[in-house]
Amino acid sequence: MSGRVLVGVKRVIDYAVKIRVKPDNSGVVTDGVKHSMNPFCEIAVEEAVKLKEKKLIKEVVAVSCGPQQSQETIRTALAMGADRGIHVEVSGKDYETLGPLQVSKILAALAKKEDAQLIILGKQAIDDDCNQTGQMTAALLDWPQGTFASEVSMDGAQVKVVREIDGGLETIKINTPAVLTADLRLNTPRYATLPNIMKAKKKKIANVKPADLGVDLTSRLEVLRVDEPPQRQAGMKVETVEDLVEKLRDTGKV
Amino acid sequence: MNRVLNKSSLRNLTGLIQRFQSTLVVAEHNNDKLTPITLNAITAAGKLGGDVSCLVAGTNCAKVVEEISKVQGVKKILVAQHESYKGALPEELTPLILETQKQFSFTHICAGASAFGKNLLPRVAAKLDVAPVSDIIEIKAPDTFVRTIYAGNALSTVKCNEPVKVFTVRGTAFEAASVEGGSATSEEVAPAPPAGVSEWLEQNLTKSDRPELTSAKVVVSGGRGLKSGDNFKLLYDLADKLNAAVGASRAAVDAGFVPNDMQVGQTGKIVAPELYIAVGISGAIQHLAGMKDSKTIVAINKDPEAPIFQVADYGLVADLFKAVPEMTEALSK
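Respectively, the protein sequence lines represent chains D and F.
Under the numbering used here, the first residue of the first sequence is numbered 1, with each subsequent residue one higher.
Under the numbering used here, the first residue of the second sequence is numbered 1001, with each subsequent residue one higher.
Isolated chain F, as found in the complex (with noise of 0.2 Å):
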């Protein structure tokens, strides 16, 4: 009887700790939409107990905002918007993070790590005095999360006795958060004055119609054995059966076949689909950082000795200018 009832209030002392938690998730958008991997760091922030605010900085920030609002999780929206957020740029967003925490003092500041979460966040953490902590996967505890390093082969757990957290959250490793149902209210943060130290000029953006990389269930990559950028166009067929993005190892990006966006690994993106088909990819560490946590990998490859059959769940030895072609045929029936 005794023993219940410290667990009970042990437990109520745990509920009570986390009553003070504070998180701030930074907001990836592009003034029209909210970035998905948003919603994969709001539900990481969700996980540490305590209230989730959002900030939504940028230069129209309205839609975004209406959609944040609607996010399950999410209590409070601060809203920033400037001509001189154009671009995101951290030289900018930073002053504004610091007021809003002077003003509000979270216990933790987040973002999905991604090329603008990895950016900013440091940026920030180096201007509060704190070390941050990178690309988590996990959250044990509100001061202990779970991270890879070298390149995905070993997990480490850190933990972080600063009084602000600042962390980035990888985004295969944590549900997207419901869009619908919440019911979160928005209220006006000043700007920072402008720092005029940098200035975004322009963005060229790869255009496709397919399902965004990190966030599609199904993927085609391709790697050096394509041969050419031309020879893509039989990954592009396979994954419109399959209604798949296209990635690529960093052998076919180096070699042009494709464009540096769309390279998946240690380095490039990291996705964790359904289905990942390796095409032509032998399977280097630094690939295989980016997808061994896929559900399921499929590997066509000539080479039976290829590194990528030891984390293929189906592997099929064959030339992939005649399988891949023969596979597009076969899902078409």
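Okay, chain D solo, but in the shape it has when bound (with noise of 0.2 Å):
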């Protein structure tokens, strides 16, 4: 196949940070926080670098919709292997209101831009929790969806996409072309070399606006505030197996 893939890739906040939320509760405190990848979207990109790699493809491309330093997201996706970025410059207001309808909107019209085979995101992005974007992608365009991948394997024309569900796991065959999201099971990616972070600072990024795309970013979802979870009470440490065991009849748990 001579192919081209989308892989959307989003700038978050780190994993590992514990956020905290304004105290104006209008939101989460992002400034000087640490950002990456979205683990899933790193899972999507190294997917689509493997699929070029058995030549089942021709060129990956990553975008990402965002303020400047989303370029930096770009950057780590061509350092792992993607060919060129495209980045879809949304800043300010638009992109406090920007959600997956909006970035959906966005790719679809990237896909039909760039002769798309295959789009490959990742399920969900850890900051909004939506697990939308995929399969909005694949409404707008319709084509049909793979979501929650945790296998995938190209057939000419066609995509057979193991599944997790809730029971298990099942097995689909999609037409191309096709959006697919990627679920932590894929696989596992790969570390950027600093050879390829060096090669990935001559590959190019194009910049493009959404109104380029004929994309209208208007919003009807509004946040009208960002609470903090309730607090639990402070538990207790037992000593023995028999306290716990105690306390659980006590309590009527067990």
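Everything hinted at is true.
In silico SDA-like cross-links for lysine to any residue, where the CA-CA straight-line distance does not exceed 20 Å:
| no. | chain 1 | residue 1 | chain 2 | residue 2 |
| --- | --- | --- | --- | --- |
| 1 | D | K18 | F | I1285 |
| 2 | D | K160 | D | G3 |
| 3 | D | K52 | D | R84 |
| 4 | D | K22 | F | V1146 |
| 5 | D | K253 | F | E1329 |
| 6 | F | K1217 | D | E246 |
| 7 | D | K34 | D | V17 |
| 8 | F | K1295 | D | G252 |
Heads up, incomplete: computed chain D residues facing chain F, CB under 10 Å, no partners named:
| no. | residue |
| --- | --- |
| 9 | C130 |
| 10 | K173 |
| 11 | A178 |
| 12 | E239 |
| 13 | K253 |
Quick look at which bits of chain F chain D covers, simulated, 3 or more residues with Cβ under 8 Å:
| no. | region |
| --- | --- |
| 14 | 1084-1098 |
| 15 | 1150-1157 |
In case anyone wonders, no lab produced these hints; they're calculated from the structure.
Yeah, the Cβ is synthetic: ideal placement off N, Cα and C, and Gly gets one too.
Starting from the two chains in their separate frames, assemble the complex, guided by the hints.
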């Protein structure tokens, strides 16, 4: 196959960071906080690069929507083996209300423009935890979707996808062009080596505005407030298994 | 007096608006039984105040329709039976839901936030050109929902100004609707023409006699500390004494100790049982996201500094290989 893969990558607060809610309840503190590529996006990039290494596709294009700093995330994808990047610049107020609906419209427009055969995304971003963008992109393009993929095998114009579902696994076969979303078990993303990071600096990142793609960023979702979740009461340590079982019996838990 | 009048007329007005709400719950089932999370979604739908309808699409719907017809709170069941709904592929179900929406103009469309609901509803929403709301834990008003973000470390209250509200419901945040006393009528809806771009091939479900993880009253979970898949037998023995489901942390799944459908956490299953027993689990942010709404949390870990102890109601600092068999033994008495 000589197709092209678009991979969506999102810049999010690093997964290991303990987040803080802003005192005015307008959101979460992001200034001065460590950001990195969404872990599920890393898995998506790895899968795309693997498909290229197997010569099943020709080109991997990494796309990110967001402010200037999103370019760092694209660079990371380039260092992992993506061929070129597209930065869809969204900043200020538009970025604050940028959600899966807007991103999927951007991705769908890019997929058409770039004549993509596959779009690979992570199954969810660890900040908004939406788990929507892949499904919505597929819908807008009228392409089939292989979500929560833990195994992907390309066979001509079709893709066999093993999906993680609630009771176990299921296998589906979908026509290309298609959208895939990566689950944790799809692969183990590679580390970008220093030479590859250097090479990535030479790769091209195109700058695109949503308006160039004819995408309207209006959002009809409004975040009224963001709160800390209720804190749990401090618990107690018990000394022995007997104590533990007794406590559980006393409170009627066993 | 005047104030009282105003209040009651305001209430009447709200009642009037609510009567115009109508919600479609997309039922999840396996052509034989309704999936329990659908009952939680029906409760959530009932909180919106309007009529609740249920869509049952599948290759064989009769039994499930029979089941839902007795569920309290459901007024109407829409039934679409066709071979193309085999495997509940979203490419096939979406056109059906859009047709149904065209015919009945629901104000809300929802499903449980399971793998099924998460796969399907965003596709429906995009086709309606509306932004969906995922995994809601509370309904404040017909257009205002609460959901968690950042692995459950913040609560976001969102107002949805879309003409149709499409959302998925966190099962553990709403009671299950009663499966008795309902009297829904059912009507057939015409299946949409098959899309034919995807095909369901097979399913490999993990077989277990234990209760289902997301609805179990007691959950016993193991982490990396179990050291091997064989050692999970210790947890199965304990779980059997407690009639508990067995869960796992990502570390235990990644290490291959247990299959991934047992994973509890931000990217696995969200559980909120009466009792959650975490064994050999450190308590990473991503794991806590899946269990910290449990009523009582017990942690057994040999590391007194493990973060799990910060959320545990009862913590036991001990070697799990000694403590777990002891506990199983103590519960036999």
